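Participant: The chain contents come next:
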Amino acid sequence: MNRRNFLRNSLSAALGGVSIYSALGNMKLVAAAAAQQNTFTDYKALVCLFMTGGNDSFNTVVPISGPARAIYQASRQTLAIPASEVLPLTSVDGSSYGLYGATSSLDPVGTSGVRDLFNTGKAAVVCNVGTLVRPTTPEDITTPGFPLPGEIGAHNGQQNWWQTSRPDNVSGWGGRMADLLYTGNANRELPMTIAIDAEQVLLQGSIVMPYSMNGDPYGAEDLELINPAYANRREAFLRLMDEGTQRTHMLERSYARMMNRTIANYQGIAGALDAAPPLTTPFPTTLLGSALKMVARTISVRTALGMGRQIFFVELGGFDTHDNQLAAHPVALASVAQSLAAFYNATVELGVADGVTAFTASDFGRNTASNGDGSDHGWGGHHFVIGGSVNGGSFYGTMPNLTVGGPDDGYYGAVIPKISVDQYGATLARWFGVAPGNLNDVFPNLGNFQVADLGFMR
Amino acid sequence: MKSRVFQGALALTALALSCSAQAVTDEMLIDSFDGPSAGPYSDAEAARFLQQTTFGPTPADIQHLRQLGYASWIDEQFALPASLEVPYIEWVGSLGENVHQPARLEAWFLHVMGGPDPADPTNPAMIHRDQLRQRVAFALSEIFVVSDVNESIGISALAMSSYYDVLIRDAFLDYRQLLEDVTLHATMGRYLSMFRNQKPDPALNIRPDENYAREINQLFSVGLFLLNPDGTRVLQNGEPVPTYDQTTVRGFASVFTGWNWHACDDWVNCYPGPDESGWRLPMDPMESFHDESGPDVDGQGRHYKQLLVYPGVALPQGRLLEGGTARTDLTATLDNIFHHPNVGPFIAKQVIQRLVTSNPTPAFVARVAGVFNDNGQGMRGDLKAMVKAILLDPETRYGHRALPMTFGKVREPLMRLINLWRVTGSHAGNWRYSYPYPQFEFSQAPLRAPSVFNFFQPEFHAPGEVTEQGLVSPEFQIMSDAQVTRQTNDLGHRLVYGFADGGAHPTQVLIDEDADAALAADPTQLLDKYDLLLMSGQMSQTMREVILDELTAIPGGNLDGRRARVQDALYLILNSPEYLIQK
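These protein sequence lines are chains A and B, in that order.
Residues in the first sequence are numbered consecutively from 1, following this note's numbering.
Residues in the second sequence are numbered consecutively from 1, following this note's numbering.
Any given hint could be a false lead.
Incomplete in silico selection of chain A near chain B, CB under 7 Å [unchecked claim]:
#1 T41
#2 T78
#3 L148
#4 E151
#5 E221
#6 L223
#7 L225
#8 A236
#9 L240
#10 T248
#11 S254
#12 H322
#13 L326
Derived from the structure by calculation, the hints contain no laboratory data.
Just so you know, these numbers come straight off a predicted model, no measurement behind them.
Ideal placement from N, C-alpha and C gives every residue a C-beta, glycine not left out.
This is chain A alone, in the form it adopts within the complex (with noise of 0.2 Å):
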């Protein structure tokens, strides 16, 4: 697609075809157009956990009896969890299911937080989540002409589809998200999308850049060299980033005003980060829970940075279980489901676990069949929201048929999602304050689907 063609970005509809990018400070005139947010009186919070190489869903979320358990062991063979290693949920179409319990000798935790978690009613399960442009059928796959979202199976462009819900990677579902909603923060120089120690594109806005931190206890840190402290090399650094921002070459331009903004956020954010008291939730010493323990700091100073709304992301890594898939994905669910535990605990003691919703999303689920020691890549997948305002305890979505060749099989054991990203990012934004009548701007393909709230939601 033509990187041009994003004049027709769906956000610039909205405003009644004013391109975002047009040359010379156009963006103002949309940062006007926008500015018709009132100030938030409360706080919402959205942190997406992305799960990089595309989880497998499917051993995460597993039949423990019921006709699904029978197809699921004939699919998955030496793949299959143990009914007697999988942590029951609920039963839905006449199977129960239940969370891979992932202990080990080592980890006698596992996923069971998250398990709680979902037992008292503050998380859910959506089924079969994935990147789809329309309702799909096997037969549309293989129909020429029919709309699919990008590669179904390339790591990259499936990493951009769920986080951008189109075919180029100009813009972050969250980063619209933004874009609609900052000027309802108190503070709207501060960037309100934060990234931990990660990189992506959901947050990517047109008008606010994200931040990015380090996790736990790094955070935000200081450019040392040029402290206040020493006047004059700060003033020559911050001469030559002004001089750079008015040089020809365009991406000499680009890092002057990258490191202009990373000056100014990181003065914005770190001494209300370094006055904020000692949060007392324990988190896992894992680079995940260093990383949302570091939203969790973030989150504490809300009201000193002026933030009533707030995207975070982190992610972790090591779901690209082609091999040895067996002793690889219990280590990386344990890893999310504990830091994710812990993360929802520290809502509970900052007192916003009504306003905080974490949620996961992945590049895709993985194949139906093995490849002799672990899965290839899929499509759709089940995903956990987590909070104090999720309508927990319930799977929505239908769950798949695994049977290889069956009714959800569209490629050769890949399941085609019924639920989209659009759909299960809309229901979230619905609840973190976009107008309904601007959901369809955020997410493009939300009109194909008849339902843009699955439900999840208080």
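Using the hints, position chain B against chain A.
Facilitator: Chain B only, in chain A's frame:
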């Protein structure tokens, strides 16, 4: 030869016509008769070429290049002995030290720094000079990615070094050889799951692993979408056209079955061997585990594996029929990939992006892809010819004048550190480069990318103008707020707290500031040196004035003061917008 000059002159004319009169410089006029391969005509031009071909210009390199001229310098680089990693890590082992990834990183830094070898620092025959080869190998390592983040290969420094040596050796061979050597290397086999990939077992619903099948196409050869010869995407009804589909991935997956360690006779009970030949030598097949059949069936009931389809494909309809062996299937499959018209523009554009500019004009890509397709002697995939074509192309030589708004690339973070070391001649007393974990401060380390998608993707575009103009800036993907802060801080710390005080540290690479401290008595001379060696004489008057103002405010009457001037000059330059962009 003649046709190359003619083509160059045509391109030069086109470039000149496409830009304003002011942009047609003396350089271009001087060269227009002899072509861009003539020159350099100044130290600054020489330095600029060396920025594209080495890990940082030095005065000696500049003089040598001016004596030889571009083309002969390139030829000399082609002929120099290759600096390989395996002999180095074996030498470390011979000292009684543990050989893990830190030893491999030492080898890498030694070779990209160039200079004396710690095994015999005074032996002139062991001086490492193969800068261009190391630069190209590093570029290839960001395309044909393996990573020691994967524990199955990260446990062995030999596994990683042996793989890197393939890139070093094959950088100046040919693409077909490179593709095969990469495919059959056990390190790649284990990284992307071709190793011990088995033919299907329908009873257990086991199908061949698709990992390598997918990535060899998507990342190492043809890419996701059909390309025009100039690297732009083919569009049908405004939409890009996929190069292959899931059926093709399945077909390739079946080809890549049956491969195990070198000289295995038992599928399961087989190991690299006490001499670790499994890591050193290509994988070997065991036929009973190879899918000689294929997942699809044709009209005559024959099984086949669907491969790539394109005009002129040797296999009818791109179908590899049943009945081959693991090796004959592999050969036919790599040939099938090799002859796809995408390969030239796909590979050429990425090598251009690593060496020269992030946004080459389509015409530039087309010229280089043309040389990939045919080096002038009827050979396809000649990597030396491709590299030479890139470096001598008018866009490479004059792009900074002709395309002042967009020509060039963001310097990779790790390259900035190496530039610092080379411009100051910093080294340890023992000539070893011990820096085992650069990824924390510089967001990258050789063969340590977070995934097979490298540290940054070719399509990444920074938010704002770059995105608005439809351009790309791949290296910005590892310069987020958090990352650029760490990079800036690390360079600064080394300068201010990590300098060598009275001679090189015996084992650590501290920044040698004393040679330049002598120059710093006159800050203008200091800046002249750094302007030439770090910025090819492209430092703007404004930047020079800003830095001079700051330097002259530091008293330069003693060594401490002059060192402080060196520190601030380098800190300000290495983190400046003008230096950040190699152009």
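Participant: With reference to the structure, classify each hint as holding or not holding.
Facilitator: A quick look at each hint next to the structure:
1. T41: Where the cut-off is 7 Å and the nearest Cβ of chain B is about 29 Å from T41 (chain A), the hint is violated.
2. T78: Interface hint status for T78 (chain A): holds (6 Å vs cutoff 7 Å).
3. L148: violated (10 Å)
4. E151: holds (5 Å)
5. E221: holds (5 Å)
6. L223: holds (6 Å)
7. L225: holds (4 Å)
8. A236: holds (4 Å)
9. L240: Holds - the Cβ of L240 (chain A) comes within 7 Å of chain B, reaching about 5 Å at its closest.
10. T248: holds (5 Å)
11. S254: Holds: closest Cβ of chain B sits about 5 Å from S254 (chain A), inside 7 Å.
12. H322: holds (4 Å)
13. L326: violated (14 Å)
Hints 1, 3, 13 from the earlier list are contradicted by this structure; the remaining hints agree with it.
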